[in-house]
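A.B. asks: Read off the chains here:
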Amino acid sequence: QSDARIHDIYHAVPPQNVRAGAFILSNVAPYFPAGTVHCVVIDPGVGTDRRAIAVEADDQYFVGPDNGVLVPPARELSDNNEIEVYNVPYDDETESNTFHGRDVFAPAAASIAEGGDFRDNPIDDYVDLNIDFYGAEFDGSTARAEVVYVDRFGNVITDLEGGKVLERADYGDVIHVNRSHLPFEDTYARVPEGKPLCTVGSHGNFEVSVNQGSGSKALSLEAGDEVEIEIE
Amino acid sequence: QSDARIHDIYHAVPPQNVRAGAFILSNVAPYFPAGTVHCVVIDPGVGTDRRAIAVEADDQYFVGPDNGVLVPPARELSDNNEIEVYNVPYDDETESNTFHGRDVFAPAAASIAEGGDFRDNPIDDYVDLNIDFYGAEFDGSTARAEVVYVDRFGNVITDLEGGKVLERADYGDVIHVNRSHLPFEDTYARVPEGKPLCTVGSHGNFEVSVNQGSGSKALSLEAGDEVEIEIE
Amino acid sequence: QSDARIHDIYHAVPPQNVRAGAFILSNVAPYFPAGTVHCVVIDPGVGTDRRAIAVEADDQYFVGPDNGVLVPPARELSDNNEIEVYNVPYDDETESNTFHGRDVFAPAAASIAEGGDFRDNPIDDYVDLNIDFYGAEFDGSTARAEVVYVDRFGNVITDLEGGKVLERADYGDVIHVNRSHLPFEDTYARVPEGKPLCTVGSHGNFEVSVNQGSGSKALSLEAGDEVEIEIE
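Residue numbers (the numbering used here), protein chains in the order written: chain R, 1 to 232; chain C, 1 to 232; chain U, 1 to 232.
Worth flagging that the hints you see were computed from the coordinates, not collected in a lab. Any given hint might turn out to be false.
[Unchecked claim] Derived pair list, reagent style DSS-like, types lysine-lysine, alpha-carbon separation capped at 25 Å: (1) U/K217 x U/K195; (2) R/K217 x C/K217; (3) U/K195 x C/K217; (4) R/K217 x U/K217.
Construct the entire structure; sequences and hints are all you get.
C.D. replies: Next comes the structure, spelled out in structure tokens:
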């Protein structure tokens, strides 16, 4: 029996949402120790000719599909943004076409965890979606951001870095978010229960929330939606 | 690498519901061994001046917010209802304001699990909601109870102790629950599939259920609702 | 402290759905090592006179209710379809009537995992639903199948073996499924996002799916529904 310790991180990534999966994993990976192997199954292209890959960064490893989901978390771990990517060959005659999590990624991750070699086929033409979870910028008093992810509480996480808001506004100010005027507060409970606010979330992103409620419902915002943030 | 063993108990507590969380933890904690450290993140007041606390009872430990959620499970473990509560200091300049589960409670729980000292700052002015999960009483033939929790099957768990019902009724009798006349049975399958009943659940509470269905839907009962129970 | 390693397989079986639970467990069990004890709590008859049983097959063990859920996964493991079934006695005066997962099955599973004896009471009159997850057959060009299970992505898994379809159709053909004409493809991404298809899933069953969507919603199919499959 292996000594490997297995932890389920999360089974509630919106199905097939590569961007949400990359965001969650980017936030979680830095808290895992050296030697961790992350097996990632967000794989809308399973069974096509997309490759399986293993990514190495800062002594952690990621195994999954070559669809871009592994690149942001690996870059997050890397001091200099450099990552090593390897092709993971598999026999598409013997494996299922619809569940490589079971048939390709998990066995490859187990092999790496046990010290198996995986560095035979380095590649540099891996899929890179160039996702920037903090990419939105202000143009004058207005920033156009995108919703990266809605967490299970309904907090709306945008790709506007909280620091850029804090350069222009103080907690206690009002910020225009789409057509709403929202108090900008340092945490949820600064507004009454059920009331909306905006804040800087635990990932460092500008977020739209409702105290003990759902910012997503209150402002009708879903992953991928545009958000206009205006600070007067 | 630590030898600590990590178990996820439950991620489906209704968000921010301190009472439901306290109920679930009260039921679960007695089945864990001495030395267990429970890290509890039901924390609507995160980032305000509410304290972080560690609670010790019967050689188990609870770490979480000082909002009342840790007190009932700790009392459940304690022979004499006495518990020890300690303040867990943290630096609110360096930690996030919105995710103390990650930044404060988990590190403190890990430290306690590794034998770290946490008893420097005993307090006795901790938040005590005086929750009594068996507090409802009969007045004559009628009891007014409250719904403590609706589990994922839809079973409606009230704060009326099952024993108080069994003093007044036998299995097979009919009990009036709000406007419904429900058979009182010792288990779900005593009534046809889809039919409502009332019973004494596995926590010892009086429950309203539907065989292979949802008592919550059938009687429109949610956590916090009042329930009138009448035994003729 | 025990050296047993505990893994939660799945908490999202549709409540009380013995057939779905048996299907999931049949697919998962072969990936677990010898000595594994599976504790199974899909138990609509809890607290009635249905028995608790332990099943042994190919050096794995299953503990749960005698309602048929344990038999298909045990047979799946057995080379010759033979399984050994034992009654697990319990005291119905001291245990709850509504949560044998906690009070009967888990303690029995723990005892077996620690090497405890459980073979005192062999039985052969256990409940056998004779579930065949690949039981549908073609009659001429048409097969009448049943939906075994809808997974969390919305893939509709039928009891028609994929191999029987592949004898009559090639990937790229069109297959009539109820009133829909669906492309038969080797994986989801062969059709545009949001479009329906049929395929042979990772369990070897004929499935109805939507690329990055829900086959269940698109064709209004739920577990237990009949599906007519016609290959011209």
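A.B. asks: Would you mind marking each hint as holding or not holding in the structure?
C.D. replies: Evaluation of the provided hints:
1. U/K217 x U/K195: holds (12 Å)
2. R/K217 x C/K217: OK: R/K217 and C/K217 at ~23 Å, within 25 Å.
3. U/K195 x C/K217: violated (34 Å)
4. R/K217 x U/K217: Given pair R/K217, U/K217 holds - Cα atoms ~23 Å apart, limit 25 Å.
This entry does not satisfy hint 3, going by the numbered hints stated previously; all others are met.
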